[in-house]
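Peer 1: Protein chains in written order, with the numbering used here: chain A, 88 to 478; chain B, 44 to 331; chain C, -13 to 315; chain D, 651 to 900.
Simulated from the structure, these hints should not be mistaken for lab results. A portion of the hints provided could be inaccurate.
Here are the computed lysine-lysine pairs in the DSS-like style, where the Cα-Cα straight-line distance is at most 25 Å [as the list claims (entries may be wrong)]:
#: 1; chain 1: B; residue 1: K319; chain 2: A; residue 2: K304
#: 2; chain 1: B; residue 1: K169; chain 2: A; residue 2: K325
#: 3; chain 1: C; residue 1: K149; chain 2: A; residue 2: K184
#: 4; chain 1: A; residue 1: K441; chain 2: A; residue 2: K205
#: 5; chain 1: A; residue 1: K461; chain 2: B; residue 2: K169
Coverage of chain A stretches by chain C, computed from C-beta distances (three or more under 8 Å per stretch; other residues unrestricted) [what the hints assert, rightly or not]:
#: 6; segment: 175 to 185
#: 7; segment: 198 to 212
#: 8; segment: 254 to 266
Note that the structure is predicted; figures quoted are calculated from it, not measured. We put the CB at the ideal spot given by N, CA and C, even for glycine.
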Amino acid sequence: MTRRTKKNGIAISILSLFWILLVGISFAKDPIVIGHVTDLTGTSAMEGPYFSAAIELAVEEYGGEIAGREIKVIHEDGGSNPTLSVDKARKLVEKDKASVIIGPINAGAASPISGYLKRSGVPHVVMELPPPLFEKNGHVFAHQGTQSGSGYLMGKYVAEDLGYKTATVIHDDVIFAEEFLNGAIKAFEEAGGKIVQRQRTPMNTMDYGPYLSGMKKADVCLFWFVPPHSINFIKSYKEYGFEMPLVLAGLNIITNHFFEALGKDTLGITALSYNDPSIDTPEVKAWVKKWQEKFADKKEISHPAMGMTCAWYVQAKLALEAIKATGGDTSPDALKKALYNMKLDTPWGPVSFKDNGIGIGNAYILQVAEIDGKIGFKQVKKYENIVRTVE
Amino acid sequence: MVLFFINILNGISFGMILFLIAIGLSITLGVMGILNLAHGALFMIGGFVGYTLVTHGVNFWLAVLIGGVGAGLVGLIAERVFLSRLYKQFDNQVLLTLGLVYIIQNLSLWIYGGAAKSFSAPVYLKFAVAIGDYRFPAYRLTLIALGAVLLVILWLVIERTKLGSIVRAGMDDKEMAMGLGLNYPLTCSLVFAFGAFVCGLAGVLAAPIIGVVHSMPMEILLYAMIVVIVGGPGSVSGTFLAALVIGIVDSIGKAYFPDFAMFTIYIVFIGVLLIKPAGLMGKKALSG
Amino acid sequence: MKVNDSNPYFLKKIAPALICVLLFLVLPALLPGYLQSMFTKVLIFALFALSLNLIWNAHMISLGHAAYFGLACYVTAILSTQHNISNFWILLVLSIAAAIILAMIFGIIALRMSGIYFLMVTLALGQLVFFSSLALRSITSGMNGLFGVPWPELSVISIEWQKISFYYFTLLIFIVCAYLLYRVSISPFGYALRGIAEDEPKMKTLGINTWLIKYGAYIISAAFAAVAGVLFTFFSGLASPLQLSIETSTLAVLMLIIGSSSVFWGPVTGAFLVILLEYFSSVYIAERWPMVLGIVFVCSVMFLRDGISVHIIDLWRKWILREEKIACE
Amino acid sequence: MESHETEILRTENISKSFGGVKALSQVSFTVMAGEKLAVLGPNGAGKTTLINVINGLLPETEGEIYFLGDRVTKLSTHQRAGLGMSRSFQVDTLFNRLSVLDNVLMSIHGHHRTCSNVFKSFTSYGHYHETAQVALERIGLWEKQDHLVGLLSHGEKKKLEIVTSIVSEPRLLLLDEPNAGLTSEETMDVVQVIREMDSSTAVIIVAHDMEMVFSIADQIMVLNYGELISKDDPKTIMSDPKVKECYLGA
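Okay, chain A solo, but in the shape it has when bound (with noise of 0.2 Å):
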C-alpha cells in the first residue's frame, strides 16, 4: 500500500509538473522577433550549433536592436524531420509572432515550410530550395538560389574549363541532391559531354562497396553526398582504387571534418561555394577573424568551419536589413518589398534577388590542395554576379 502511493506520489507530481508549465506560458512581447528554424538533433545535428552563432553575430552588429525595438531570435529544433519542422515553425509564426523565417537547412523541411508561411505570407529566408516554390512576389527569398543552380555552375566548369568528356554520377538519393546532379548533368551534357552511369544511393546506406565495384569508368566522378555519407564515400573510393578526380557536382559541403577524417584523400576534390570561410579575400579573412575572436571560448565554434555558415550569416543579414529599411515595420508585405529591393554587400561579395526571390551574387570554384603543408581549399575560379539558378 505505501509502495502504492508513493507511486501516487509520483504520478500526481508528473500531472501537477505538466499543469505548472501549462499555465506558464502566455507572455506577451513587444521585441522584434525572428524564427530560426534550425537542426541541434537529426541528420544535420552537425551544422546547428554553427547557424545560431552566424545568427549571433549578424545582430550583434546591430547593437541587438533595430528602430528602438530589440531584436529577438528564438531558435526551434526541427532536426531535419518536415513533419516536426512545420510543428516548429507554426509555433514561431502563431505563438511568437515571428515577423521572418530563417531556415532550416535541409530542403525537405524548409519546402513544407515555405508552404505553410504562403498562408500567411511571411518571408522565409533561405540558403536554397528547389524550382517549383518561387513565385513572382512570392514570400520566398534563396539567396542562393535554387540546388540546380550551383550543379548547373558545377558541370558547365567541369566541361568547359577542365575539359572532362565523359562522367559517372554516384548521389544521395534525396531531393536536394538529386537536384544539385540534375543540373549538373543538364549543364555537362549541353557541353557535349557524356554521361556513363548515375547512380542514386538510399539515405540508409552504410556500406558504399557494392556501388563503387558497379562504377564504370570516365573521366570524371561526379558525386554529391550530406557529409555523414560523403566521408564513408570519399575513403571507400579511395580503398576500391579508383583514380578518377572526384567533384562534388554541387554546394560544397567539405569542411574540416573532412580533412581530419580523411586526409590526403580529400586532395584534389573540387567544389563550388557562394560563400566560403576558405575565399581568400581580405573581406573574408577579416570576417573569420571576427568570427573567432567572438566565439575564441567556444571551441567546438570557434571556427565558422563551412560555406553554410556563411549562408546562416547573410540571411541573417538579409533579415536585419529589410527590417532596417522598413524602419522596423515588420508587416509582410513591407519586409517583402524591401528584401526586393536590396542590395546587401557581404564578404563575399554583393547579394540581391530576382523579382523571383532567386539570389543573384558571385560564386567561387575552390579545389582541395596542400598549402605549404596544411591541407585547405584554394580559389580556382570566380563567377562575378550570376542569378544562382538554371536560367
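Given the coordinates of chain A, work out where chains B, C and D should sit on it, guided by the hints.
Peer 2: This is chains B, C and D only, laid out in the frame that chain A set:
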C-alpha cells in the same frame, strides 16, 4: 563474371559484420528471451570508443578489443540494472531498450557532435587487391578472414565450454537449465555482456567502412533483427548463414537493381518467414 | 465534501465527465492559437494510440503501426494534391480502405509469429513501407514528402477553416472513433482479445478461433490508425516519410504505456502528457529532447509500470470518493 | 439409454514423441457416451500428453483420432471444441483479470461462437446469464459472481475451472487432475458435479487420487511410460498384476 565475384566478396565482407552484430542479439533472444533494441547502440558505442582510441594513436587491433570491452561493460550494466528485472515482460523490455537508444544516441551527439566520425584501417591494409581489371580493398578481405575465425571461436565456446552447455540448455528449456544447479542469472548476465562485447568489436571493425555517427543504431538494429529472424534465434550456425545470405543479397541488389536496393533484404526476410517461420536453422517455431 | 458524500453518483459519473468537457471542449477555446494546434495534435495521437491499444490488449506488441498512420497520410496527400480530391469523406474512406488492405496482407505475415517475434516482424514490415515511401519517388517525391495539402471540404456544411474549427472537427471525429473502439473493447470480441492475452490455449479449448480474432483486431486497429493519419495530414498539411518511421510507432507505444494500456482512456492521458512534454522540452531544451524522451521511457518502465491513469483512478478513489479498497485493472 | 451405444471418442494407436523421448506410443481406446473413464499412471506416464493430443493442443506424431464418428486428427483445437470437446487444465487457466461471472460467460460465448461479435456488449446476452447462473449456483459461487478470479481461493478456482469446461454442454469432457490440492469436502463437490453429467456425455479424468477415481469411474485406463497397460472396469484393473507392478514397482 569477375564483377559478380567482386559483388559476392562485398556481400561476404558485409555479411561478416552483420554476423558479429547479430550473434549477440540472437543468443540473448534465444537463451534469455530478452529483446535488446539497444543492440545497435552498443555497436555505435564500440565504434566511438574505437574512434577515440585510434585518433589518440592507439594500435588499431587494441582499439578493436577495448571497443568491444567498452560495449560489453555498458551491456552488462544495462542487463544488471534494468533488463534483469524485466524478465519475460517484452513490452517493458522494448520500451526500456528504446529509451536507452534515445539516451545513448543523444549523448553521443552531445559528446562527438553530429559529424560522422571515421578512421582508417592499419596502413599496411590500405591497399586494393587487383582481381581481373577490378580492385578489391585488402581490409575487406581481412574482415572476411576475421569473421571466419570469430565464427570458429564462438562455435567452440557454445559447443565445447561449460558456459556454452548452459547456454544451449537455456535455449531448450529455461527451467531445466536453472535446475542444473548452475548460477543461471549470472550466466545470463555473462552471455548478455559477451554478446555486447562481440557487437562492440563489430562496431570498431566496421568503422573504417561505414563510419560512426549518432544516427546509426536503429539502422544497425534492423539489419541485426532481420538476420536473427532469418537465421532462427539462438542458433550460431543459423545466424552465420543468415548474415551471409543477407549480406550477399544486399550487395547484389545494390549492384544490379539499385532502385530496389532497399527492399531486397526485406523480400528475402518475408520469403523466409512464409516458407520457414522458424528461421533457416531455428529449432522451435518462433513464439516468444 | 458533504455534497459529494450525499451524492456519490455525481462524483462517480458526472464529475469526470465534467472535467473532460472542460478540458477538451472549453479550455481550447480560451487558449492561444498555438496551444489549440497542440490540443488537436493530442487528439490525433490519442486516437492513434487508442487504435494501437486494441491489439496491445491481445498482447500483440506492434512496433510497425506507423505504417497505417503514414499510409493514410500519403493516400490523403497524394489524392488531394495530385488528383484534386478535396472531399474529406471520400479521402477518409479511401485511406481507411488502403490501410485495411495493407493490414490484411501484413496481418497474414505477422501473425505467423507471436510475442516478441510478432514485434520484430511488424517493425520490419513497418520499415518496408517506410522505404517504399522513399523509393516511389515519382508518387511520394521521396524524402521530400508531399506538402501543401489544402483544407478539406465536408460537403454537408462548408466550414471557414481555422485552428479552432479544425480542432472541434477533430474532436468530433475523435469522439466517434473513441466510442466505436470502446464498444469493441466491451464486446465479446474485446473480451476474447483480453482472454487471448492471458491464456491463448485456454481460449482455443473454449472453441474460439484465436487466429481469426487476432487477425480481425489487427485490421480494425489499422483502420482507426488510418483515421488518425488522415486527420494528421490535414493538421500538418503534409505527408512525409517521417510519419511512417519507427519514431512515430514508438511514440504511440510510449503514449499507451505511460497512460496505462489496461485503462481504456489510458492512451489519451498518455498522448496528452507526451505531446505536452515534447512541446515544453522543445521550448526549453530543444537539442536534448530525445534524451528527455529516453529518460521518460526508462522511468515509466521502472517506476510507473502500470501507467499513470491507473494511479489517477486510485487517487480519485482515495481522495475524492474516499474509498478504502483500491482495485485497479 | 440408447446413447450408451453411441461411440464418442476412438483413438487408433496415437503416438507422440518430443525429440527422442516417446511420451505416448500406440495408444488405442474407445469411449462410449455416458462412460466415465479414469486415466491412471505414475508421473510422466503421458496422461496429460494424452489429453493435449486428444484436444489438439499437441499435434500427434502418428495415429488417428475419431470424435463422434468423424476423423478429427487434422482439425485444430477450436474446431474440435466446436464439435463438443471440452477440457479443464491441471494448473487453473482462468482469466484472472475477469470476474467469476465473466469467466463462465467467456466459455458460453466460445460455445455459441459469438466471440467475433463486435456490435453487442459482452454482458448483454440475457440467456447466457441464466445458463451461467445455473452453473454457478450448482457449485455455490453465484454470490461471488462479481469477484475478480484472482481473489478466489484455490478450491473455488478449481471448481470454477470445471464449471467453465462443462457449461458448454460438451459431448466429451477431459478433466486434468480436477481435484489436485483440494480438501476432501471440495473433492466431493467436484465428484458430485461430474456424477451429474448428462448421460450423453463421456468424461475422461486424469487423476492420482484413487479414492475419487473409484467414486466416479466406471472404466479405468492405466498408462505407463506412454504405453496403455490395460483398460477395464475398476475391479478387474485392481486385480491386474501388470498394474500392481507398475504401481508398487514390485
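Peer 1: Each of the hints needs a verdict: does it hold here or not?
Peer 2: Hint-by-hint comparison with the structure:
A C-alpha spacing of about 42 Å is found between K319 (chain B) and K304 (chain A), which places the hinted pair above 25 Å, so the restraint is violated. Proximity of K169 (chain B) to K325 (chain A) is assessed by CA-CA distance (about 9 Å); at most 25 Å being required, the pair is judged to hold. Using a Cα cut-off of 25 Å, the hinted pair K149 (chain C) and K184 (chain A) holds, with the two alpha carbons roughly 16 Å apart. Between the alpha carbons of K441 (chain A) and K205 (chain A) the distance comes to roughly 19 Å, so the proposed pair stays at or under 25 Å and holds.
About 22 Å separates the Cα atoms of K461 (chain A) and K169 (chain B), which keeps this hinted pair within 25 Å; it holds. Closer than 8 Å: that is the beta-carbon criterion, and the segment 175 to 185 of chain A has 5 residues meeting it against chain C, so the requirement of 3 holds. Coverage of the segment 198 to 212 of chain A by chain C holds in this model, with 5 residues showing a Cβ closer than 8 Å to a Cβ of that chain against a need of three. As drawn, the segment 254 to 266 of chain A meets chain C at 4 residues by the rule of a beta-carbon pair under 8 Å; at three or more, the given contact holds.
Of the numbered hints stated above, the single one contradicted by the structure is hint 1.
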